[in-house]
Amino acid sequence: MSTWSAPALRQLAHAWAQAGRCAIMITVADSKGSTPRDAGTRMLVSPNAIEGTIGGGHLEWQAIELARNALRECKTEPPAAWTQTIALGPSLGQCCGGVVRLDFAALDEQALRHWPISQGMHIELHGAGHVGQAVVKLLADLDFSVRWIDTRDSDTKDSGIELCGLPDASCLDALPPHITWHPCDAPEDEVADAPPGAIHLVMTHRHDLDLRIIEAILRRNDSLFAGMIGSQTKKAKFLHRLEARGLSQAQLAHMSCPIGLPGLKGKEPAVIAVSVVAQLLMLRQLQAGALPVTPDKAKP
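The sequence shown begins at 380 in my numbering and counts up by one.
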């Protein structure tokens with residue numbers, strides 16, 4: 380069984396439906412009280428595969444059994460859709476106390492029409508070094524669309540320099556559908572193609588490149604978040620240079636550097652990545668009105 384981001388799972392479901400694969404789509408239609416997943420969560424169950432999760436544990440095990448029983452009983456045609464309400468109490472060996480209503484439907488194009496396409500947040504990730512790769516590993520299972528940008532194909536293709544530390548072909552081939560690899564010559568020019576309200580993360584291998592990219596981002600005046608990896612010293616130098624280039628104080632105030640949660644220390648790529656992605660998740664909840672804090676508290 381694999382966990383997927385919602386966009387990736389939907390794409391997999393579409394591929395299964397087009398291939399005529401026999402499967403059941405399970406949807407959390409409603410939830411009350413303490414439950415492992417919220418309404419809208421989905422998973423796919425076939426006779427020999429399980430993709431996605433509605434929360435694990437005995438609830439999920441029971442849902443899988445119900446789906447597979449239906450598939451076994453309907454060998455000549457897909458089973459009719461049905462709804463099952465399950466209480467998360469002692470009978471399931473759980474003490475959550477919540478109630479989950481699950482919708483079961485044969486996987487086909489009609490079922491997919493009831494699966495809305497997510498309009499999640501978009502991330503422009505500049506940099507494919509160790510930290511960039513660690514960030515991508517975490518984003519692979521989260522509902523963000525990502526454009527992953529780096530120049531080093533161009534920097535090294537004629538120089539004979541080994542691409543040490545960059546993602547190899549197997550890494551890029553394994554990227555989920557919502558993460559797009561975008562090598563380019565001038566990443567600062569790519570900023571113009573970002574959608575309005577994007578999250579920008581700048582973590583390239585050169586400070587002069589970071590400066591050009593963050594300047595282009597701040598001049599657009601429409602990003603949700605403009606974050607750059609670095610120290611307080613780097614931030615001070617960049618602010619001085621950007622001010623000299625004519626950026627306003629309001630534009631400069633939009634730059635977040637260092638990035639990540641301020642209380643989470645550590646310089647290992649994985650630690651930095653966890654801190655940065657946690658900050659983005661807090662930002663997403665703030666945008667949804669789910670956190671009773673000010674936006675500044677999602678920034679360092």
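Note that these hints are calculated values from the structure, not bench results. Do not rely on the hints blindly, as some may be mistaken.
To be verified - Each computed BS3-like pair below joins lysine-lysine, with the alpha-carbon atoms no more than 30 Å apart: (1) Lys616 with Lys646; (2) Lys411 with Lys613; (3) Lys644 with Lys616; (4) Lys616 with Lys411; (5) Lys644 with Lys613; (6) Lys646 with Lys614; (7) Lys516 with Lys454; (8) Lys644 with Lys614; (9) Lys411 with Lys454; (10) Lys613 with Lys516.
Results for each hint:
Between Lys616 and Lys646 the alpha-carbon distance is near 21 Å, which keeps this suggested pair within the 30 Å criterion. Distance hint between Lys411 and Lys613 is unfulfilled; the C-alpha atoms sit about 48 Å from each other, more than 30 Å. Straight-line distance between C-alpha atoms of Lys644 and Lys616 comes to about 22 Å, which keeps the hinted pair within the 30 Å bound. Between the alpha carbons of Lys616 and Lys411 the distance comes to roughly 51 Å, so the proposed pair goes past 30 Å and is violated.
At roughly 18 Å between alpha-carbon atoms, Lys644 and Lys613 fall within 30 Å of each other, so this suggested pair holds. This hinted pair checks out: Lys646 and Lys614 have alpha carbons roughly 17 Å apart, not beyond 30 Å. Distance restraint check for Lys516 and Lys454: the Cα-Cα separation of roughly 39 Å exceeds the 30 Å cut-off, and the hinted pair is therefore not satisfied. In summary, the hint linking Lys644 to Lys614 is supported, as the alpha carbons are separated by about 18 Å, within the 30 Å threshold.
Between Lys411 and Lys454 the CA atoms are separated by roughly 34 Å; this puts the pair beyond 30 Å, and the hint is violated. A hinted pair counts as satisfied when its Cα atoms are at most 30 Å apart, and Lys613 with Lys516 qualifies at roughly 26 Å.
When each numbered hint is compared with the structure, violations occur for hints 2, 4, 7, 9.
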